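2 protein chains.
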Amino acid sequence: MRKLGYLGPRGTFSQEALKIYLDISRKKAGKSGNEKSEKGEKGITSEGCKGRDVYDVYDKYDEIEVRDYITIRDMLFDVENGKIEEAVVPLENSLEGSVNEILDIMANEVDLKYKAEVVVVIRQNLLVKKGTSAENIRCIYSHPQAIGQCRKYISCNFSKAEIKPVYSTAGAAELVAAGEGNCAAIGSLVAAEEYGLDVYARDIQDGENNFTRFAAVSRHDSPKSGYDKTSIVFSTEDKPGSLYKILDIFNLWDINMTRIESRPAKKQLGCYIFFVDIEGHRDDDDVRDALTMVKRKTSFYKFLGSYPRYRI
Amino acid sequence: MRKLGYLGPRGTFSQEALKIYLDISRKKAGKSGNEKSEKGEKGITSEGCKGRDVYDVYDKYDEIEVRDYITIRDMLFDVENGKIEEAVVPLENSLEGSVNEILDIMANEVDLKYKAEVVVVIRQNLLVKKGTSAENIRCIYSHPQAIGQCRKYISCNFSKAEIKPVYSTAGAAELVAAGEGNCAAIGSLVAAEEYGLDVYARDIQDGENNFTRFAAVSRHDSPKSGYDKTSIVFSTEDKPGSLYKILDIFNLWDINMTRIESRPAKKQLGCYIFFVDIEGHRDDDDVRDALTMVKRKTSFYKFLGSYPRYRI
Numbered sequence: 001m002r003k004l005g006y007l008g009p010r011g012t013f014s015q016e017a018l019k020i021y022l023d024i025s026r027k028k029a030g031k032s033g034n035e036k037s038e039k040g041e042k043g044i045t046s047e048g049c050k051g052r053d054v055y056d057v058y059d060k061y062d063e064i065e066v067r068d069y070i071t072i073r074d075m076l077f078d079v080e081n082g083k084i085e086e087a088v089v090p091l092e093n094s095l096e097g098s099v100n101e102i103l104d105i106m107a108n109e110v111d112l113k114y115k116a117e118v119v120v121v122i123r124q125n126l127l128v129k130k131g132t133s134a135e136n137i138r139c140i141y142s143h144p145q146a147i148g149q150c151r152k153y154i155s156c157n158f159s160k161a162e163i164k165p166v167y168s169t170a171g172a173a174e175l176v177a178a179g180e181g182n183c184a185a186i187g188s189l190v191a192a193e194e195y196g197l198d199v200y201a202r203d204i205q206d207g208e209n210n211f212t213r214f215a216a217v218s219r220h221d222s223p224k225s226g227y228d229k230t231s232i233v234f235s236t237e238d239k240p241g242s243l244y245k246i247l248d249i250f251n252l253w254d255i256n257m258t259r260i261e262s263r264p265a266k267k268q269l270g271c272y273i274f275f276v277d278i279e280g281h282r283d284d285d286d287v288r289d290a291l292t293m294v295k296r297k298t299s300f301y302k303f304l305g306s307y308p309r310y311r312i
Numbered sequence: 001m002r003k004l005g006y007l008g009p010r011g012t013f014s015q016e017a018l019k020i021y022l023d024i025s026r027k028k029a030g031k032s033g034n035e036k037s038e039k040g041e042k043g044i045t046s047e048g049c050k051g052r053d054v055y056d057v058y059d060k061y062d063e064i065e066v067r068d069y070i071t072i073r074d075m076l077f078d079v080e081n082g083k084i085e086e087a088v089v090p091l092e093n094s095l096e097g098s099v100n101e102i103l104d105i106m107a108n109e110v111d112l113k114y115k116a117e118v119v120v121v122i123r124q125n126l127l128v129k130k131g132t133s134a135e136n137i138r139c140i141y142s143h144p145q146a147i148g149q150c151r152k153y154i155s156c157n158f159s160k161a162e163i164k165p166v167y168s169t170a171g172a173a174e175l176v177a178a179g180e181g182n183c184a185a186i187g188s189l190v191a192a193e194e195y196g197l198d199v200y201a202r203d204i205q206d207g208e209n210n211f212t213r214f215a216a217v218s219r220h221d222s223p224k225s226g227y228d229k230t231s232i233v234f235s236t237e238d239k240p241g242s243l244y245k246i247l248d249i250f251n252l253w254d255i256n257m258t259r260i261e262s263r264p265a266k267k268q269l270g271c272y273i274f275f276v277d278i279e280g281h282r283d284d285d286d287v288r289d290a291l292t293m294v295k296r297k298t299s300f301y302k303f304l305g306s307y308p309r310y311r312i
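Chains as they are written, first to last, in our numbering: chain A, 1 to 312; chain B, 1 to 312.
Just so you know, not all the hints are guaranteed correct.
The list treats identical chains as one, so a pair stands whether inside a single copy or across any two.
Said to hold, decoys possible - Straight line, CA to CA, 27 angstroms or less: simulated DSSO-like cross-link-like pairs of lysine-lysine: (1) K27 with K130; (2) K27 with K229; (3) K130 with K152; (4) K224 with K19; (5) K295 with K160; (6) K152 with K267; (7) K28 with K152; (8) K27 with K164; (9) K295 with K267.
If you are wondering where the hints come from, they were derived from the structure by calculation, not from laboratory data. The structure displayed is predicted, hence computed values, not measured ones.
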């Protein structure tokens, strides 16, 4: 029984990422869907679901148990404790940037690895209770990142509406469904369907290129595929030019850095830890040698996994 | 009449930063407080305050008008349009990291400069309506950054409480004051006082070192003080090693970089813009030469100001 987790509730983009990830891993394993499974005959159990329904969307997979979590922290701790094998978490969005909570937990609180990445195209929509008209919309609920992704649409069309950040886009849809028809939610079409809402406006996100990169987090990373990426986190000595010296190592070994993200070291203002993604796999000679040197030259170093790069 | 803005409502840490900033600028100008001003005789007008009260805390200053804003965007646009001269905005917190909204607006939407920086020690507290006991607390309101700063306290003490992110810590206190005694807010002692709440627990933030760095944003930056910092934002060409080449410029000129922050370029996943702070002033020879070179070697470049470094 393969056990996986994602950030719930039903109807979030994390659920979509999980579906894509399962499809990829099935293709790799060369398995086809369980065509014998009849409707209503679920291939997954509800054991781990904290009293929620197990999702029908996974019907076609044999021996998979999917659990939705309320917090990212609980989910990652369950991966560490072995209650689930993998968790699908959002890492960064092309408009809003990194999901800081994941970075901080991966750096400081768990010993887990990225095993795979998945990129999901994000399309935000304004969802309302059936019959709601624009002039009745007094407040807009959504996850802070979704609100951030639709700032221009909101300020052009609903500048007077009160913005109410909630924990997820699906949670926002749930609130609107339970409300009195004077609120709207920003969320996915799946959420509209799940909570019986009308889609007042489609594709309201700022910019054309709204993608979120998700990762499957596990206790082990992935073997070399030939088209890989490696993630590390480190802090440098508190000396001028110390970050430059680390990046110089990658330059010397001709390793391309695809991302650098700084987060506070939580010691004092002006001290940071750096999350770096590079091309290549820990089993590549140049990556191994460069990482050995980085480890020597940093005051804190943690390997976060090598995994296949996602092809959009 | 000097007109300033900060992110309201009353009782936020931004208000505290504004007070510190006013004290610094008065000290520099060699002025003492308007000791002649009697209680109730306000030295500031209410003209720009969108119907809110003007704050008594500024009584002692002559010829200052302070306006609180609901959104950072509106405030910065008012600085650009000349409705106010300066806005005090939060830039980064030592536990939670950068305030992304400010970075994105400064890079993409306004042509403003940092004129000064101020560092405020942040102490978060759990605030409740008078008479509320721990077992009655069903939900906790606060700004997402304050929630992030108190994650450990919440999960140890109120793991079952629903977390409700709102726009400000002061707004959270206001909601709790208006509620039925089954909610708590995370916020400042000033907010407790403003909204008549009890302090259920003091200093609940994770870690000892909780500081927020604020900036005064204006249409012009500051002249050289001899102990300065300079901020820029740029994007590099989409080639391997291009960020390294920029940092190499600072290395060649022996300029210390105090901060690097990446944000999405909002074009596609994997494209970033970089916010960099360096030591020195644009009028220093080496900084001027280095910035000229950075400008040449980047596809997008914006100077965000030189200003005196804050001494804690």
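Have a look at K28 and K152 and pick one of within, between, both or neither, based on CA distance no larger than 27 angstroms. neither (41 angstroms within a copy, 39 angstroms between copies)
Reference check for the pair K27 and K130, CA-CA at most 27 angstroms: within, between, both, or neither? neither (40 angstroms within a copy, 59 angstroms between copies)
Classify it for me, K27 with K229: is the Cα-Cα distance of at most 27 angstroms met within a copy, between copies, both or neither? Intra 20 angstroms, inter 53 angstroms, cutoff 27 angstroms: intra-copy only.
State whether the alpha carbon distance between K295 and K160 is at most 27 angstroms within one copy, between copies, both, or neither. neither (51 angstroms within a copy, 40 angstroms between copies)
Intra- versus inter-copy proximity for K152 and K130 (alpha-carbon distance at most 27 angstroms): Answer is within: at 25 angstroms inside a copy they meet the 27 angstroms cutoff, but 40 angstroms across does not.
As a check of your reading, is K295 near K267 (CA-CA no more than 27 angstroms) within one copy, between copies, both or neither? within (21 angstroms within a copy, 33 angstroms between copies)
Up to 27 angstroms CA-CA - K164 versus K27, copy category: Neither: 41 angstroms inside a chain and 40 angstroms across chains, both beyond 27 angstroms.
27 angstroms Cα cut-off: does K224 pair with K19 within a copy, between copies, both or neither? Within one copy only: 23 angstroms inside a chain, 56 angstroms across chains, cut-off 27 angstroms.
Is the C-alpha distance from K152 to K267 at most 27 angstroms within one copy, between copies, in both cases, or in neither? The answer is between: 16 angstroms across copies meets 27 angstroms, while 36 angstroms in one copy does not.
Hint check: violations occur at hints 1, 5, 7 and 8; the rest are consistent with the structure.
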